[in-house]
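Peer 1: This is what each chain is made of:
6 protein chains.
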Amino acid sequence: MDFSHINEQGRAKMIDVSEKKATKRQAVAKGSVKVNSNTMQLIKSGGIKKGDVLAVAQVAGIMAAKKTSDIIPMCHPLALNGIDIEFDCMDTEILIKATVKCKGVTGVEMEALTAVSAAALTIYDMCKAVQRDIEISDIMLIYKEGGKSGVFRK
Amino acid sequence: MDFSHINEQGRAKMIDVSEKKATKRQAVAKGSVKVNSNTMQLIKSGGIKKGDVLAVAQVAGIMAAKKTSDIIPMCHPLALNGIDIEFDCMDTEILIKATVKCKGVTGVEMEALTAVSAAALTIYDMCKAVQRDIEISDIMLIYKEGGKSGVFRK
Amino acid sequence: MDFSHINEQGRAKMIDVSEKKATKRQAVAKGSVKVNSNTMQLIKSGGIKKGDVLAVAQVAGIMAAKKTSDIIPMCHPLALNGIDIEFDCMDTEILIKATVKCKGVTGVEMEALTAVSAAALTIYDMCKAVQRDIEISDIMLIYKEGGKSGVFRK
Amino acid sequence: MDFSHINEQGRAKMIDVSEKKATKRQAVAKGSVKVNSNTMQLIKSGGIKKGDVLAVAQVAGIMAAKKTSDIIPMCHPLALNGIDIEFDCMDTEILIKATVKCKGVTGVEMEALTAVSAAALTIYDMCKAVQRDIEISDIMLIYKEGGKSGVFRK
Amino acid sequence: MDFSHINEQGRAKMIDVSEKKATKRQAVAKGSVKVNSNTMQLIKSGGIKKGDVLAVAQVAGIMAAKKTSDIIPMCHPLALNGIDIEFDCMDTEILIKATVKCKGVTGVEMEALTAVSAAALTIYDMCKAVQRDIEISDIMLIYKEGGKSGVFRK
Amino acid sequence: MDFSHINEQGRAKMIDVSEKKATKRQAVAKGSVKVNSNTMQLIKSGGIKKGDVLAVAQVAGIMAAKKTSDIIPMCHPLALNGIDIEFDCMDTEILIKATVKCKGVTGVEMEALTAVSAAALTIYDMCKAVQRDIEISDIMLIYKEGGKSGVFRK
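Chains as they are written, first to last, in the numbering used here: chain X, 136 to 289; chain Y, 136 to 289; chain H, 136 to 289; chain A, 136 to 289; chain P, 136 to 289; chain L, 136 to 289.
Only chain X is shown next, with the shape it has when bound in the complex (with noise of 0.2 Å):
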């Protein structure tokens, strides 16, 4: 007797990709942590006692990239060729700017946005004992290139 109608709300799956062509791919995302200006103070002088918080946070945002189909379910695993990471510190805002390279079947949007995610998180946490209403925000893909929807630019 068949009841796979019951999970059809949960059918999720890891979509099918084999008939894909491998192509370069690239795609830039970025996000925001909004800190005060006595925590983006610190953080310029090296005064936060857990460390270097944007050496830490590239390192954690490169690590994360790399496990991203071990964090988000129906993403594909992928060798990715290159990953950078850049920061931009404004007033009370540091920006921070993933990007992700690969040749694959495809694209590489959740490498970025994933390392992006990351690096805010650990900015997060290395400053949490100095600030407590830090705030991560506007995490969005900026470009991607590669595959049959070619390029987006936001």
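It is possible that some hints are incorrect.
[Claimed, not checked] Which residues of chain H face chain Y? A partial, calculated answer using Cβ under 10 Å: (1) GLY186; (2) ASP187; (3) ALA190; (4) VAL191; (5) GLN193; (6) VAL194; (7) ALA195; (8) MET198.
[Stated by the list, open to error] Listed below are the simulated DSSO-like cross-link pairs for lysine-lysine, each with C-alpha atoms no more than 27 Å apart in a straight line: (9) LYS159/A - LYS232/A; (10) LYS148/A - LYS202/X; (11) LYS184/X - LYS289/Y; (12) LYS155/X - LYS155/H; (13) LYS148/P - LYS184/A; (14) LYS185/P - LYS165/L; (15) LYS184/Y - LYS159/X; (16) LYS232/A - LYS155/P; (17) LYS184/H - LYS159/Y.
Hints in this document: simulated from the structure, not taken from any laboratory.
Backbone N, C-alpha and C fix where the C-beta goes; we use that ideal spot for every residue, glycine too.
Model the placement of chains Y, H, A, P and L on the given structure of chain X, informed by the hints.
Peer 2: Same frame as chain X, now just chains Y, H, A, P and L:
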């Protein structure tokens, strides 16, 4: 010859919490995923090809909370007691709320924030084929209790 | 003095597949979870307190398939192209079927078997509070294609 | 507008065990791997090219037990105190038994079952080149003590 | 019929520590990375293209310490309280020292040794493009306290 | 305002290898574990209570090689084709040699070195109850082929 000063900037450490008391700890974090009304309609009606978006995001958030100390470099490993994630779907916004509980020597803010972030990234991944400009925003701690600093409420 | 013969029994290796061709590969595995009719009723009606049993099991199976080479020591890491899991609920038995696809130099039998096993263990975990003597059984490969040994059908 | 009822089916949670007492816990699980007599002969004589089948399976089972909360979504992370795996080779069947101990707020049934499953999958992987129709069966809990529900014996 | 004697050699177990007391534990390990003076110069001046060598090595060592029980098969999972890594750069040698603290039923020697090893491997990886014959050496425990065997000092 | 220069020291990246060709790659690394003659005797006779030291170390080394990109921050993920570890037991020294093969755009030196390191740490862990001053030493690359820089032989 001692050159340890070279990496003073990078002197990251997982802070020693041996002297702290094990107490009951709880943290609640929230975040938003901004989608357009077409995407929201597809999510609600089960029309997303990759699967039941919120069911998958819920599992992803809970599993990521358990991996927090493997994603955030200076975060302490903790044996979590409970993790709960709720979704609130408004017109063009999905509000995510994660509650984490533990009995330990450090708080669980990072676990709650990581749960929200992973759930948000998963919603993004499940829906990206139908909408290219989804945004993740306003990730923050809204409540915390336990430990020396007591209660925090946003 | 050479004593390498001491561990000839233990001479495990991840076999060198450098000379093999990358071809399209697919494997289908199945397994059963035996529950009593009260448990089956609760699963179907959404009455299990821990959550939607089959939705969670589906995610668990797919995520475990991606981790196969980190669970099975001599298994080769592979970039999987597709993973799909189906459930068939009969009176007192849930039949699980997992299909995995890849283009690579080794087959994906272990990925399919691991997906089935993890989904089965998850059903067990979700239901163990209501039934103490659940059994997992009859895990086997039912179909395989690709590679030198061609098609296998049980 | 509140649409949380949409995912009531999928309302999975890692149940809050904060109110439970930490007690000594133990679980014993078993399972079988069915092989033909040629394969059994090769296992016993060390004739499997991939390595010492049972030695590798033992390590795989122990390592997988430690990963249980990263494989089974709603499982609580635990600091395990002891893991032991035994094999009993009969004519065409390898009986696997795993004993897991812990002092904690939840039981270790899933750790014991996961250890058996991973050991079984590893035996399958080590032998699949010589036998195509190996089966894994009869995975179940045979003993459990500790916690409110006390002793369970099958 | 009992053939368990076949794998007596392979009878690995994660030793049962249920009867041991939870006490404060600390371990300090060290190791060396031998580089030539050109490589040392590049490390100190920030001239390594891959990034700030010691900052990255520090994060890698701390993150690896947390993963120790997932790398070393018979190692017990522990909730570490603190991890600190120091570097001492001499003419052609980088001395690495890792201190790990915990309150638990087993010691943290493996965590300290794993931290040193991962930091050393990371320095190697960051510099290998400029020097092909880097060596990692003299990895050992230099101090340990806690547990029944008390203090060890090298 | 651009403050990115603040973290120039920490500007770690996973170098973009998109322009490199996929070629056959191989690396061989070695390392030593120094034990006293009592410990060596116990290893050879199977008298170590924790299990068959070299069998467990072999599995640990192979599994760690597959995790290299999750341990070493700037390392590229690779689909390895083969991993083999050999042990050579001399009077008071165990020589470990690991050979790793791959077809890819970067070399596998880190995989081979990580395999040796993990095997060495495992031998240490298995024997530390009987000897407190074990040392791991002389970890280095002894051979490498493939890629633009061609063959390296120590």
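Peer 1: Now look at each hint and say whether the structure bears it out.
Peer 2: Cross-check of the supplied hints:
1. GLY186: The hint holds - GLY186/H has a Cβ within 10 Å of chain Y, the shortest such distance being about 8 Å.
2. ASP187: Interface hint status for ASP187/H: holds (6 Å vs cutoff 10 Å).
3. ALA190: holds (4 Å)
4. VAL191: holds (6 Å)
5. GLN193: holds (8 Å)
6. VAL194: holds (4 Å)
7. ALA195: It holds, given that the least Cβ distance between ALA195/H and chain Y is near 7 Å, below 10 Å.
8. MET198: holds (7 Å)
9. LYS159/A - LYS232/A: Holds. LYS159/A to LYS232/A sits at ~20 Å (cutoff 27 Å).
10. LYS148/A - LYS202/X: Cα-Cα ~23 Å, so holds.
11. LYS184/X - LYS289/Y: Since the Cα atoms of LYS184/X and LYS289/Y sit roughly 25 Å apart, the hinted pair holds (cutoff 27 Å).
12. LYS155/X - LYS155/H: holds (22 Å)
13. LYS148/P - LYS184/A: Roughly 24 Å between the alpha carbons, so the hint for LYS148/P and LYS184/A holds.
14. LYS185/P - LYS165/L: Measuring from Cα to Cα gives roughly 25 Å; hence the hint holds.
15. LYS184/Y - LYS159/X: Satisfied, since the Cα-Cα distance of roughly 25 Å is no more than 27 Å.
16. LYS232/A - LYS155/P: holds (25 Å)
17. LYS184/H - LYS159/Y: Cα-Cα ~24 Å, so holds.
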